[in-house]
Amino acid sequence: MTEPNEAGVRAQARAWLAEHWDAERSLVAWRGMLADSGWGMPHWPEQWHGRGLAVALSQAVDEEFAQFGAVGVAKMGIRLLAGATLLEHGDDFHKERFLRRILTGEDTWCQLFSEPGSGSDLAGATTRADLDGDNWVVNGQKVWTTSAHHADYGLLLARTDWDAPKHQGLTYFVLNMRQPGVEVRQLRQMNGHASFNEVFLTDAKIERPYRVGAVGQGWRIAMTTLAHERRGADGLRGSARERLGEGRIYAEEAAETATLMEPYKWYPQRAGRVDLVLPRARETGRIADPAVRQAVARLLVLARSAEWTARRARADQELGRPQGPEGSLGKLAASHVARAAAHAHTLIAGADAMLAGDDGPLDGLIAEILVSVPATSIAGGTDEIQRNIIAERVLGLPREPRMDSGPFRDVPRNVGG
Amino acid sequence: MPATAFSFTDEQRQFRDVARRFLGDVSPPTAVREWMESASGFDPAVWDRLAKELGFCAIHVPEAYGGQGFSFVELGIALEEMGRALLCAPYFSSAVLATGAIQHGGSEAEKMALLPDLAAGTRRATLAFTEPSGGWDVEQVALTATPVGGGYRLDGEKRFVLDGCTADFIIAVARAPGSRGADGLSLCILPGDAKGIERRPLRSLDPTRKLAHLTFHGARAAPLGEPEGAAAPLKRALAEAAAALANEMVGGAQRMLDSAVDYAKLRMQFGRQIGSFQAIKHKCADMLLEVELAKSAAYRAAAAVAEDDTDAPALASLAKASASEAYLGAAAACIQIHGGIGFTWENDTHLWFKRAKASEALLGDAAYHRELMMRHMQ
Ligand SMILES: Cc1cc2nc3c(=O)[nH]c(=O)nc-3n(C[C@H](O)[C@H](O)[C@H](O)COP(=O)(O)OP(=O)(O)OC[C@H]3O[C@@H](n4cnc5c(N)ncnc54)[C@H](O)[C@@H]3O)c2cc1C
Ligand SMILES: Cc1cc2nc3c(=O)[nH]c(=O)nc-3n(C[C@H](O)[C@H](O)[C@H](O)COP(=O)(O)OP(=O)(O)OC[C@H]3O[C@@H](n4cnc5c(N)ncnc54)[C@H](O)[C@@H]3O)c2cc1C
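So the sequences go chain by chain: A and B. Take the first sequence: its position 268, counted from the start at 1, is 268 in the working numbering, and no numbers get skipped. Count along the second sequence starting at 1, add 417, and that's the number in the working numbering.
Since the hints were derived computationally from the structure, they do not count as laboratory data. Fair warning: this is a prediction, and the values are worked out from it, not measured in the lab. We put the CB at the ideal spot given by N, CA and C, even for glycine. A few of these clues could be false.
To be verified - Residues of chain B clear of chain A, computed beta-carbon distances all greater than 10 Å:
id : residue
1  : S457
2  : E525
3  : I758
To be verified - Which bits of chain A does chain B cover? Going by a derived footprint, with three or more residues having C-beta under 8 Å, they are:
id : segment
4  : 293-305
5  : 384-396
This is chain A alone, in the form it adopts within the complex (with noise of 0.2 Å):
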């Protein structure tokens, strides 16, 4: 069989969907039949979900599924990255048991990485998983866990040996959230919405099957996880595409972005929203003005040579060639991105930039941006820990001295902690 081409692949999704698709279908028989078919994740295995197809071919199918009005798999939020990471570090029980619960968007996830000791320092987990005859049992607390209040399951990591060097104790499970050991409470962000929780697990159970990887492994698969986050952050971000159409299936998938989604629903403002700045610009007529222009152009320069970096970085990858430095710089470009974008919505608004909610322009949406922003700096890795990642990692600059080999018993750390 010679390689699929493009227009070859698009042909075939848009023959598929013409035989199949039906607005009247429930959401979740639709997202099955895509599971089944491979169609909804064409860059997965075929053997699970997916057609084996290379990541562009996957985004042109996507962009067919787009045109035509299809609704796709369950792709937004922290469940796409338990897929990514259990097709890469599972076994066959975790894959048949969650993959396609996944994709149709039955089981919502959440990711219990962070800790109110350990944020950067993720290896610094103090959350502490026993074996006790047949189960692990979990104590300890996870923090700023988005949608962990919607979550069935959580991507865990616990310190599974305090007699280890920090980053060798580390064990990666999966948590069942609908337990009695696990209690979850919301926090309020300062931009008013509380997607983000605390969690507390007091003697919370996994059953052994559930444990990801080996004991002492949970490292190397949660930087999978997070590996996926920070390639993936555009797509974490973009959300709420508008409703596409009339029938039940659109309907459904609407219910679900109001409900399960909901967490998500600023994520396109933490990005900055750089499709609305130049529409704005020009209804205001602000576009006149000479510093606006610049801001705006300085953006656009920015977002543009962003995006066409992480396409260098594709392509190489699509190629076959060796990665260049460009696919390490996307989160850190996305802040860029994103606080360029703040600064030209801010100028364009002018004295409105002090307003919100219905008094703020676009009925708040600008006011969300500007309050949204500074999480991206922050949320999957900061800035600051992206830049010594790629000093260290890229650029091959020395390491700092550690503060924290040995026994992690032994480590210093929060008090608390």
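Dock chain B with the ligands against the given chain A, drawing on the hints supplied.
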């Protein structure tokens, strides 16, 4: 767009390797220092090899005019490598500016007559465009072209003319007496040593690129292209030159980043390599980001020119704006990371810093190009 639109082909990568090896040989910092001090500003032997062995002047010139018929992408690669090596040569003036003006402004017969020599590197030309006002818009041209016989009499001044003292012939942009704005502009061509031209070298901040002041006292010139129809072709040639310059600049910026990182790994202070301090580490990471973004923009602009994309002028301005800030930022950071030694004449960093500074202004600075870009987007 397909993946190939965002990466170089294997042939292009080989071409880059060849260019880098050659330029590494002929343009080490010692050679740069030697030729930047010379009056002509370049080594004729290197120019010969550049033109004959590598065919650099012919890269993007169509085969019908004696060129190699490659695209603007290959030109961008060559320029990037020249910028990296800080090659001292009248390349940008002749192979980019003058060649572009002839390509877009000249008639078929003029292209046949002029381009083969430029493509072979046997003759060199420059574009005399800017004037003492320092503007980069075509509207700023004040040099007058008074029709006499079948040609023109030129009166006025040109300034910031690249390699104006060494060019074999000059393409001057001049206007019909009494005309204004973009109207009445013509391209005029005359030998560099024509009667009635006075050529004076300017002392330039960046000695690796020579600038001249030209005074025209009734010098006789021939028309090039359509009389009084030069505005549109000139704008196009200038936009393409901005894309070309952006590619040259990102080569220099990458060199500054490499140099800064190398030094940060070498230099010890406080019992550690300075590259282990976050103040230095984060500066390097930021440089990498800026340089990679600027490269992406420069590559995209070159591809747009190659594809004759209607967006090409906007993308060229975008790329020039990005490269202006990235190159200067990288050069300044490179000096900073070198500490006291970075401020010396002996250390090579200042050579690139000066090229970065001068290139920032050449063809219009970042703010100017952001404004041009906005006009295209409105
Ligand atoms: C909107 C949002 C959603 C989130 N969702 C989740 C989620 O779903 N699941 C989850 O597990 N976490 C989530 N997080 C948490 C996020 O990953 C952490 O906030 C982040 O990693 C930073 O950790 P921290 O808050 O503990 O800050 P700290 O690590 O305490 O950092 C404080 C400051 O110190 C700096 N710093 C720390 N270490 C270094 C260093 N080595 N060098 C230089 N500077 C340093 C940081 O850059 C920062 O500026 C979310 C955060 C936000 C804002
Ligand atoms: C114009 C000029 C005049 C001068 N005049 C005098 C004079 O009259 N008398 C005199 O004694 N000296 C003089 N100096 C020297 C000047 O004080 C030193 O150049 C300066 O202190 C930096 O030291 P260095 O050159 O060894 O660079 P380094 O110390 O090697 O620094 C290299 C880079 O590493 C950074 N770096 C070093 N340590 C750290 C750290 N711990 N954390 C973060 N970053 C770090 C520096 O900021 C710099 O960017 C002069 C320098 C100049 C440029």
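Hint check results:
no., hint, result
1, S457, "holds, 37 Å"
2, E525, "holds, 36 Å"
3, I758, "holds, 19 Å"
4, 293-305, "holds (count 10)"
5, 384-396, "holds (count 10)"
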